[in-house]
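Visitor: One-letter residues, chain by chain:
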Amino acid sequence: MSLEILGIMVLWTFLFGYVIVASIDFGAGFFNAYSELTGKQHILTKIIQRYLSPVWEVTNVFLVFFFVGIVGFFPKTAFYYGTTLLVPVSIAILLLAVRGSYYAFETYGTKGHKGYALMYGLTGLVLPASLSIVLTISEGGFVSMTEGKPVLDYWALFTSPLTWSIVVLSIIAVLYISSVFLTWYASKAKDTKATDLMRKYALIWALPTIITACGIIYELSFHNQEHFDRIIDLWWMFGLSFLLFIGTVWLIWKRKNYGLAFGLLVGQFAFAFFGYGLSHYPYLLYPHLTIYDSFTNEAMAISLVVAFVLGLALLLPSLYLLMRLFLFNKDYVKGSQKNKA
Amino acid sequence: MLDGDTVFNSRLLTELTLSFHIIYATIGVGVPLMIMIAQWVGIKKNDEHYILLARRWARGFVITVAVGVVTGTAIGLQLSLLWPKFMELAGNVIALPLFMEVFAFFFEAIFLGIYLYTWDRFEDQRKHLALLIPVAIGAGLSAVFITMVNSFMNAPQGFDLVNGELINVNPFLAMFTPAMPTKVSHVVATAFMTAAFLLASIAAFKLVRGSNHAYHKKALFMTMKIGLIFSIATALIGDFSGKYLAEYQPEKLAAAEWHFDTSEQAPLLMYGILDGEEVKYALEIPFALSILAHGDPSAEVIGLDQFPEDETPPMAVHYLFDIMVTIGVWMILLSLVYWVGTKRKWAFINTKPFLWLLALGGPLSIIAIEAGWWMAELGRQPWILRGIMRTSEAATSSSHVDTMLLLFAGIYLILGIGTVVVLRRMFKKNPVEKELMEKGGEET
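Chains as they are written, first to last, in numbering that gives the first Met the number 0: chain A, 0 to 340; chain B, 0 to 443.
These aren't lab readings, by the way, just hints derived from the structure by calculation. Every residue, glycine too, gets a C-beta built ideally from N, C-alpha and C. Heads up, a few of these hints could be off.
Per the computed footprint, the stretches of chain B lying under chain A, defined by three or more beta-carbons under 8 Å from a beta-carbon of chain A, are [claimed, not checked]: (1) 68 to 76; (2) 105 to 112; (3) 305 to 318; (4) 405 to 416.
Go ahead and model the full structure; you've got the sequences and the hints to work with.
Guide: Set out below in structure tokens:
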């Protein structure tokens, strides 16, 4: 495997990790706010808070890892994406800032403030939308080179059906991933009411997820023929993804083995996400930038890979400890331990 | 929307983000060590006061960490958004410490989450304390790695530029630049110093407000002692920084000192104002600049006359230098007097005016940190990468920086106010006395 491929695989894997953990987090925030509004907070809030509290910081790091890594492995992306993304990414930063700090303010500071919960929920929906814009831009057609500098055409971007279908998918996927996870989490906590409610949400958002995903592939056939053709070549990945989707929905419908259901969901999104990534290869930004012409020098690439392996050796055991103490600790999940500082 | 060009606005926005983030970053690096020391002392002396101190600090610390994380994310992305040309080059040469910083922070974040939610979960308190060690190490390493990047900007090495092509890249040489040792140690030491004095401020303020509780007295004595140690360390490192600058960035030192003409036996100027090239009302310390620069009163110190005008930093850095050094020296004196005074039982150290001075120490230290960073950044101008890339060449060509500047200014204002409000409310609702009662029924 060439260093270029290795680099992008590592980054893409981390981005996938972010998509999953952030979706859970974004969706949880939304469901929490929604239940506040509809007077069902007694059912959901505890479960959601208990999950989010020890892990929220970790979620953010996945994203930071991705963008620091991509500038390290593919420095030219800093020039192309840095110049064009000023506005959308700045907005995403603002939302993340509001979200992160207000979460801490509410959890560790003033409990039960409705405004914080609503803010947290709302940003959870706008964020995936603003972040997913980056994927849309990468499809090409929105960035032109003027005097050697990339310029983003906002008008074209905001009037493109592709943009909006990706935005819609990102929001729906967030709700779907999150509700499937929380169904599992609530059932582990033996909280039947919360489980039933989350199960209902999971079933509601299942079909729209698949429909919008197919819609995007259809849109892409008009927008970027080359990418579309490559997706069709990789049809089996998307087919497998669909089968896993059926599995998840079936298990949830039958109220069986929610843990496996979530596992299948991760598989479903993994196949779709990596299928998308593979078909995007070798372009980072159609048609200006590929992973080959933007790659860093060999010395840096090797040291990044070594640092990555060493870092992982440090992180994986720590993450495992975190999960064992909180996510998979029966007493903690059920809320029978109160050890907060 | 705003006057001024994109380069200027990009600089303003970066400066704004950094100035705001550095407050939280400094607390983030410094406070874990303070919590560790308090908890350790508490376990060793079996003193509930110190344990509670650690616990309350940890609780407040999370709020600042949260804002630190989001503003850190902001500056991380803004580097690429506002300085794309610089990051393209930097990505090739200095990406390694940036990358490792993320790991260090990841490590810290995981264990902080665990530490916060495992109070009283262990029979042996020392096990819980052990969870804090990775937090402190992670926080310290984050500072080390990020400061390595800043050092690289000041003394770039580890690559060759041939006809605009980067060759012979050596990521390790780029990490270990001549600027690195003094810069990194200065940043870490001042973080510990500032964190200690900030926490001392809180205790002093409580005492000013009439509390006579042993809890606050213990907190004050402990933090002032730590502050004293690190402020002395900071001064020593500062001296080495002067020697580094004289050797590798003489124009920065010369601008900070208004040292126009290369000369031997150079005096150190403090304060004063500048009228053209004439310095007025300054305090002149004979030979001191030669000593600072080379450790020898008769040594020659390079002046601004050796540099073309468009390669010298703004003269205002002198004021920033004055602020930083004055506060640093003041804090050494203040904490020394307090420490000696406590040992010798001098009465005046418990009077209100003196306690007020202690309470001001924390905010002053923050001002010193800000002045120091502004001096470091302004003093490197016009370069973003000294001698290689000018700041103006590196900036984005996007035309929306002014709007973003306003948006970010707004959000930082909200976050700043939010931090203060939440922290105040958190501790007011749950005063020390009440918590001690609940813990062990001790009288207040």
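Visitor: So which of the earlier hints does this model not fit?
Guide: 3
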